[in-house]
Amino acid sequence: DTAVSQTPKYLVTQMGNDKSIKCEQNLGHDTMYWYKQDSKKFLKIMFSYNNKELIINETVPNRFSPKSPDKAHLNLHINSLELGDSAVYFCASSQFATESYEQYFGPGTRLTVT
Amino acid sequence: SQQGEEDPQALSIQEGENATMNCSYKTSINNLQWYRQNSGRGLVHLILIRSNEREKHSGRLRVTLDTSKKSSSLLITASRAADTASYFCATQSQGGKLIFGQGTELSVKP
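Same order as they appear, the protein sequences are chains A and B.
Using the numbering used here, the letters of the first sequence map in sequence onto residues 2 to 115.
Using the numbering used here, the letters of the second sequence map in sequence onto residues 150 to 259.
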């Protein structure tokens, strides 16, 4: 019954590796997001997809590449991981992108780069 | 860029007391939303207030919005230990992007 799920919950890896985080929502929403929360709990949007189309692409290194195979899934692939990538990554979804709709968040993936 | 600034950064109260958190923002908005984050969890939506609304209630929550001062407040009445969490305001403008504040850490002691 989980609305927005992410895997894995924890990810520990070494610098230079490539890793992926998966996200799925079963709410039938059109729009999905990736956020990064740093150690000071500051939450910043990275990407947004509406019906598989990229609509928000913040100033994020191109080592980060989102992929949306269908509107229920939004995965995040990170190449050549750096120490500064350590953070908690949250996936979220909302019914539509531009209207005043609440966002539903996944439980987060804590990424630690050593 | 960060839109919202929250005040206070941390708040510690006794169970049964009221908790008030404030949020200020810089640009015009369509709506402002409040979210709660329990330790180690994702964010949970609490309440949304549109730019043409001044006050909204949901259970023990009361939110106000003053667009002339570009500020909002969240009041939690009769707080409980289970209200212990971080509370974030987030503004939404054209394009749908949510911009979050730094958050207020609320601790409610039993």
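Check each hint, because a few of them may be wrong.
Said to hold, decoys possible - Pairs of lysine-lysine, DSSO-like flavour, derived with a Cα cap of 30 Å:
1. B:K219 to A:K42
2. B:K175 to B:K218
3. A:K42 to B:K246
4. A:K10 to A:K37
Worth flagging that the hints you see were computed from the coordinates, not collected in a lab.
Quick caveat: nothing in here was measured; it's all calculated off a predicted structure.
Here is what the structure says about each hint:
1. B:K219 to A:K42: 23 Å, holds
2. B:K175 to B:K218: 9 Å, holds
3. A:K42 to B:K246: 18 Å, holds
4. A:K10 to A:K37: 14 Å, holds
Hint compliance for this structure: every hint is met.
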